[in-house]
Amino acid sequence: MLFNSFLFIFIFLPTVLLIHYYMVRRKSASTILGFLTLASLCFYTYWYPPYLVLLLVSICLNYICGILIEKGKKSPIRKAYLTLGIVCNLGLLCYYKYAGFFVENINTFSGGNWPVLQIALPLGISFFTFQQLIYLVDVYKQKVRPAGFVEYTLFVSFFPHLIAGPILHYKELVPQFHQMKEKGFQSTTFSAGLALFSIGLFKKIILADTLALHVDPLFKAVENGYTPSFLEAWAATIAYCFQIYFDFSGYTDMAIGLALLFGIKLPCNFNAPYKATGYIEFWRRWHITLSNFLRDYLYIPLGGNRKGGLRKYQNLIITMLIGGLWHGASWNFVLWGGFHGMFIALNHGLRHYFYLSAHSWRAVGWLLTFLTVTLLWVLFRAESISGATAIYKGLFDFSNVIIPQNVWLIFPEIAQICLSQIGIGSGELQYFKTVPLFFIISLVTFITFMMPNTARLFDLNVPERDTPLLGSRWHFQPNKSWAIMCAVLFIMAITLLERESPFVYFQF
Numbered sequence: 294m295l296f297n298s299f300l301f302i303f304i305f306l307p308t309v310l311l312i313h314y315y316m317v318r319r320k321s322a323s324t325i326l327g328f329l330t331l332a333s334l335c336f337y338t339y340w341y342p343p344y345l346v347l348l349l350v351s352i353c354l355n356y357i358c359g360i361l362i363e364k365g366k367k368s369p370i371r372k373a374y375l376t377l378g379i380v381c382n383l384g385l386l387c388y389y390k391y392a393g394f395f396v397e398n399i400n401t402f403s404g405g406n407w408p409v410l411q412i413a414l415p416l417g418i419s420f421f422t423f424q425q426l427i428y429l430v431d432v433y434k435q436k437v438r439p440a441g442f443v444e445y446t447l448f449v450s451f452f453p454h455l456i457a458g459p460i461l462h463y464k465e466l467v468p469q470f471h472q473m474k475e476k477g478f479q480s481t482t483f484s485a486g487l488a489l490f491s492i493g494l495f496k497k498i499i500l501a502d503t504l505a506l507h508v509d510p511l512f513k514a515v516e517n518g519y520t521p522s523f524l525e526a527w528a529a530t531i532a533y534c535f536q537i538y539f540d541f542s543g544y545t546d547m548a549i550g551l552a553l554l555f556g557i558k559l560p561c562n563f564n565a566p567y568k569a570t571g572y573i574e575f576w577r578r579w580h581i582t583l584s585n586f587l588r589d590y591l592y593i594p595l596g597g598n599r600k601g602g603l604r605k606y607q608n609l610i611i612t613m614l615i616g617g618l619w620h621g622a623s624w625n626f627v628l629w630g631g632f633h634g635m636f637i638a639l640n641h642g643l644r645h646y647f648y649l650s651a652h653s654w655r656a657v658g659w660l661l662t663f664l665t666v667t668l669l670w671v672l673f674r675a676e677s678i679s680g681a682t683a684i685y686k687g688l689f690d691f692s693n694v695i696i697p698q699n700v701w702l703i704f705p706e707i708a709q710i711c712l713s714q715i716g717i718g719s720g721e722l723q724y725f726k727t728v729p730l731f732f733i734i735s736l737v738t739f740i741t742f743m744m745p746n747t748a749r750l751f752d753l754n755v756p757e758r759d760t761p762l763l764g765s766r767w768h769f770q771p772n773k774s775w776a777i778m779c780a781v782l783f784i785m786a787i788t789l790l791e792r793e794s795p796f797v798y799f800q801f
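Just add 293 to wherever you are in the sequence shown, counting from 1, and you've got the working numbering.
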């Protein structure tokens, strides 16, 4: 069941909200938790019922491991239980997500002919696996204590975050579950949730899905041998850069908004990442909860920066290689993560060995970061190395610069110079629709760099302060102006709801 579907918006969500707030007024706290757990499991079951069993097995396994770790107190066996839990979690993840990739590579490098397993990837497995790994480690470090089974099941399966995050800590969520009855219905929080959900829905359907109409055909064509022109390659690359941002941040806004409808606050996951002036800052702004997980549960255990500069850079690259592989079973993702790791290490090195004035280098740092991040999205989007290579060739093939004929008709004098002296060609571009693509890219560029993001508008507890063009005048208030604006965004999105395209991160 997709957040951007008629079934979810007009049937599932209203039904769950009505029953929930009826229970908040009339029933016990345990009954409320039980109902939300049941609703969340039904939400997951709708996608593919057999995998509900897998989710429940994973939940039971981790809950039992958590209890055993807690009961072990200071006994060495606690570490054995933790190891068992980690191995079982990673084993399930590797089987369902990486088994086929592993067999394919064995066949490639050994010349073998082992049958490649075709396994449907369980929805959200990467997210609920990482979340439960965090839980086990936190129990082991005595940061949290296991509560009841229903609370734990809801912690993992709470439908606003189940499919694609944010990745949560047990202590961030479970205490809020116990406060739902006491807090009751809070109109301001509920209004903020509706507004955030509407904005996220608009970002997904109107912005991200419109960009996808220009991105998907070209990336599909290059996998079938098509050679993109210079303009087609750049247009698709820039469009995808914004598509994935508005798709994933739109999902996150919807998830946080849905949780607010129940009085639950989820952590911020995006904070204007394309305004970052370096890779370190980018990963503090992009998919923040994953970045925190990689830092706290992988980079620091590897040694962090405690064993000298070279080990620090090595640990950064290893961490990001694993982070890339987490996104998918493909060498594209490994390369994508590896390049990000190298750029983060380079960013640390420049900070350490050179003093760069913030004012002098801020614009240069932003330009280099945005450009390289955009180029690396090609690896992320392409289905194969060959597909990514075709796009990269197009990006830098200056002998294949073709301008659409309708553009030359607008600027005939310039056309004459370009065609006769510079060597720029004229013709029809199959995968470049001039006017609509120019309009949508101009719109998303303005929104990304000039408008305040939702983290600012809704005060989502982000650590750094930006100064957007419109400042604090647009900070959310439950008033008529905000209601009209969000209603307009919601109605615009609803008109194109029949698309029902899945979110990009649902595949992970």
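Hints are computed from structural coordinates only; laboratory data are not their basis.
Hints may contain errors.
Unchecked claim - DSS-like mimics (lysine-lysine), calculated; alpha carbons at most 30 Å apart, straight line: (1) K372 with K476; (2) K436 with K366; (3) K372 with K600; (4) K558 with K568; (5) K600 with K434; (6) K367 with K474; (7) K686 with K513; (8) K686 with K773; (9) K474 with K558; (10) K476 with K773; (11) K605 with K436.
Owing to the predicted nature of the structure, the values given are computational and were not obtained by experimental measurement.
A quick look at each hint next to the structure:
As the CA atoms of K372 and K476 are separated by approximately 38 Å, the hinted pair breaks the 30 Å bound. As the CA atoms of K436 and K366 are separated by approximately 13 Å, the hinted pair is consistent with the 30 Å bound. Straight-line distance between C-alpha atoms of K372 and K600 comes to about 25 Å, which keeps the hinted pair within the 30 Å bound. With a CA separation close to 25 Å, the supplied pair K558 and K568 stays within the 30 Å bound.
Of the pairs offered as hints, the one joining K600 and K434 holds, with about 23 Å between alpha carbons and a cut-off of 30 Å not exceeded. Of the pairs offered as hints, the one joining K367 and K474 is violated, with about 36 Å between alpha carbons and a cut-off of 30 Å exceeded. Between K686 and K513 the CA atoms are separated by roughly 16 Å; this keeps the pair inside 30 Å, and the hint holds. Of the supplied pair hints, the one linking K686 and K773 is violated, its CA atoms being roughly 51 Å apart against a limit of 30 Å.
Using a Cα cut-off of 30 Å, the hinted pair K474 and K558 holds, with the two alpha carbons roughly 15 Å apart. For the proposed pair K476 and K773, the alpha carbon gap of about 25 Å is at most 30 Å, so the pair holds. Among the hinted pairs, K605 with K436 is consistent with the structure: their alpha-carbon atoms are about 26 Å apart, no more than 30 Å.
Against the hints set out earlier in the document, violations occur for numbers 1, 6 and 8.
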